Amino acid sequence: MTDTTAGQQSDSALRDATRLATGVIENVEEVIVGHHEAIEHIVTALLGRGHVLLEDVPGVGKTMLARSVAASVDGEFKRVQFTPDLLPTDVTGVNVYNQKTGEFEFRPGPIFANVVLGDEINRAPPKTQSALLEAMEEGQVSADGTTREIPQPFTVIATQNTVEQHKAYDLPMAELDRFMTKLRLGYPDADEETAMLGAVVGSHPIERLEPVATLAELRAAREAVAAVRVEEPVRAYATRLAAYTREHARLGVSPRGSINLLRAAQGRAVLDGRDYVVPDDLQTEAPVVLPHRIRTDSSDQTAEELVAAALDRVAVE
Amino acid sequence: MSRLAGRLPWSQPRALALLSVALALGAPLRTMYHLIDVVGSPTQFLLVAGVALVLAALLSRVLSPVLAIVLGVGLFGAGLVWYVTNLTTNPPLGVLLADTVELVTGRRLLQIANVRLWVTSFAAAPVFMTTYFALRRWYVTAVFAASLALSFFVLTTDAGVVTTLLGVVGGVAAIGFGTLDSVTNDGGTAGAGSASGTVTDAADGIDAGRRSVLTQLAAVVVLPTVASRVPGVRGTAVSLLRGSGGTVEGSLVDAGDSLSVQGSLSLSPTLRFTVEADEARYWRVGTYDRYTGDGWVRTGSLEPYDEGDRLKGQPAERTREVVQRYEVESNIGTVPAAWKPMQYDGDPDVQVTRHDGFQPEDGLESGDSYWVKSEVISADESALRAAGDDYPDEVAGTYVQLPESTPDRVAETTATLTENAETPYQTALVVQRWLEENRDYSLEVSRPRRNVADRFLHAMTEGYCTYFATTMAVMLRTQNIPARLTVGYTTGESVGSNRWEVRGLHSHAWVEMYVEDWGWVQFDPTPADPRRAAEQQRLDEDDSGDEDEATPTEPESTPTPTPTPTETSEPGQNPTPTPTPTRTRAPGETRTPERTATGTATDDDDGSQFPELPTREETTLGVIALLGTAAGLRHAGVPERVSRGLWLRYQSPQNPAEDVETAFQRAMYVLSERHRERRPGETVRAYLDAVDADDDIRRLAELRERLRYGGTVSSATAEEAIAIADGVVAER
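In order, the protein sequence lines correspond to chains D and E. The numbering of the first sequence is this note's numbering, which starts it at 1 and goes up by one. The numbering of the second sequence is this note's numbering, which starts it at 1 and goes up by one.
Take the hints with a grain of salt, since some may be wrong.
To be verified - Computed Cβ-Cβ distance ranges for the label pairs, DEER-style:
1. D/S298 <-> E/P680: 18 to 28 Å
2. E/L19 <-> D/S298: 48 to 58 Å
3. D/R240 <-> E/E677: 14 to 24 Å
Hints listed in this document are in silico derivations from the structure and should not be mistaken for laboratory results. Quick caveat: nothing in here was measured; it's all calculated off a predicted structure. The C-beta atom is built at its ideal place from N, Cα and C for all residues, glycine as well.
Please build the complete structure, drawing on both the sequences and the hints.
In structure tokens form, the structure reads like this:
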């Protein structure tokens, strides 16, 4: 977790990080019309060293959004289309026998990239899913007894669609927990949709999208975010929020969930140009960071409603 | 404070309720005690009350309420039978009933001849009933029994205002705390000791209840006091303030059956009657035989008088007749006559008191006239001086009574003063002379709270006739000499031969002493010259004023022309034995008075220069009022409001971090007053947006945010924060 005693970082590092974040957001918005909040959340997660799950019906631009974010960073981008017959090694990579050298050599899978887009992740069998999720959590891949580091920065943006549930393998809670944020895009409103249609009928703008940040800049920004101060009142507030969900749901927010909340809040603070987290940051991030970690007791209250209730009732101090 | 009190046993509702019942019962008991005290030793009464108390305590667990009521009524009946059978006279039932009716319509119990027997007979029942029901937790019934007794004494006007108020407060408190006790008792039966932690809510409720009872009590105490300040209520029964400022005449002659010693008084110049008589006398209207400590009461009832009847004369062998003819000039309620009146004839019908004085059945109106023949003792002084102390039983039994509470020093001082006097008459002369010489005449006095005679003898330096006469009568009684306080008018202004005009300002009080074998002889201990001077001054004042208001019905106007300021013909009390300071040389009068005067009077520890301490009752009421007011204030949140107001207005720098936080909280308080409070789940930013806060408050919030969440603060930001907060508070 963040070391709050790390001391003041230089103002310039914070300013650079903020500029990078806003740059990425503006760049993505060249392509994506509307969904401003979702874009902010994704960038926040990107800065907070998290992974993002986009969940919605097909065709609302999940993939396009993920691609735009990836294209905005000058790093390696890989895309994996998850299908029922996809094998774990198709994701992580495989040892191949080299006839010239007479040795097995590792051929890295698509996960060895800076930004990985996992499309329709819920269509793959659990074994393949778990291979991806392990890599997300550990930042490394183990194949045939050898552990291989995935290059940093490493961010997975996965999508899953909510139709055709019967043909899908729902992600288990333990694995959902590994995503920092889970977003729903929703349909754009009428004006935005009209604008979007106008933008894409010719050549799609994504083809013209240029990176606005180098990998080094992204790494520096991530360091700046990690150095954002999280003082005791904020940590206590996060703890109280988690405790509230545990008291009011069958399964509440885990400590990992709280960590992710604070990290997302750090990203949010940088986006706002601050070097400390305020409760408002937590309130902004909680609706996308917490719900997918919660199982409510009854069908009367969804996890989203529970989080809203927690934000309403838990005292800010 | 109350939380701490909650743990002390005496603050438990039951203890408080019992205490209040004790207070409620204490009021009638105190009144009874006072009644007994006036006429003698209270031992018997205390014994009866104590036995009733113990009996009730013992029976409260075993006896059923119905039986207890039967027993209580039985006690009352037994008391009634005891009283009637022990009366020396054997009055018919009708008279007893009529007496009772008179009692509840304002006749004082003190006027009953055998008040001691009466009180002792009736003390048991209320004590038993109240104690029994209080111990059985039937607080309302207990208070009912106690207040029934108190109500009776209120109706007879024997219970003082303060005592009554204490009783009422006790009753209200008993019912209030009793209800609380019942609640806790029901709730906590399982726990008995109620020591478990689960009763905190209940305890808080009790605490609140206790406070609310206290508040109501304070209202009971404070409201009448406030009301008594309201014009028109002042001086009535509700008033706790001592009445003062009447006239001497009103306090003496119009006092009726009981006379209480007043504070400062004025003189009324209204012309009352004109009298034509054979010789100048004091025109006497009545006498009082029972001294209560703060006043006098006339016991006994009135007998009818048939016109022309000759009353029983005094034992004196040598008497002379004095015939007087009175013309009433303005309405009076008395029949003035020289002592000792024997025969009466006139327009208004009269009755005879137990003390051989005439009382009109109704008042006398202007224009009425009557005729009285009196018998005046013609004795030479040596005969009176020689008289012994063998008094008839009915005289000795009635006229030497003193309250048990009379301080012993009254008797001691008197004994020292009159050490060398050999006979009662000599004693009286010494006392009279001592008072005349050692106390000044003044109408401006503050009424003493306790025994008037004791205070006048030992602490006060001046007073008017009531003080002189009361003190002399009491002093004589301490020496077992029958004496009584007599009121009436002095001779008045001489207008022509053997004709006097008597005004309100001539009203006076003096002493009558019983001399063996002779009868009642008058003494006037009031210094005559200062009194006459005061009367003359009053007349002059009035004379120089409005002369137009010469209507006879207007009581305060004087239609008389300049009166001749001569009272030279006033003979004092007895023409023959007038004891004047110069002439009287009582045996052994040398130097003793002076010694005692310095030895006793000036060494007196509670001298008059110090304000008198409030009595126990007043202190109790004051404490109740204070507690209740405090509880009420706390209930209304006044202390919190005051401390918050101070906190809001005055912030003194401590350290930067605290300063910023305090400044922020002050501003937030102002915002919460102006708009609404911040909801718990609402962040400061969201709140400021919601209430559309000003930029300076946002700036303050940012400073505080940086301190709280960013960990940075400096003394400069602290100063800025305080300045902003001050501005916000000032704008409020």
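Here is what the structure says about each hint:
1. D/S298 <-> E/P680: 18 to 28 Å: 25 Å, holds
2. E/L19 <-> D/S298: 48 to 58 Å: Hint holds: Cβ distance 56 Å, inside 48 to 58 Å.
3. D/R240 <-> E/E677: 14 to 24 Å: 19 Å, holds
The structure meets every hint from the earlier list without exception.
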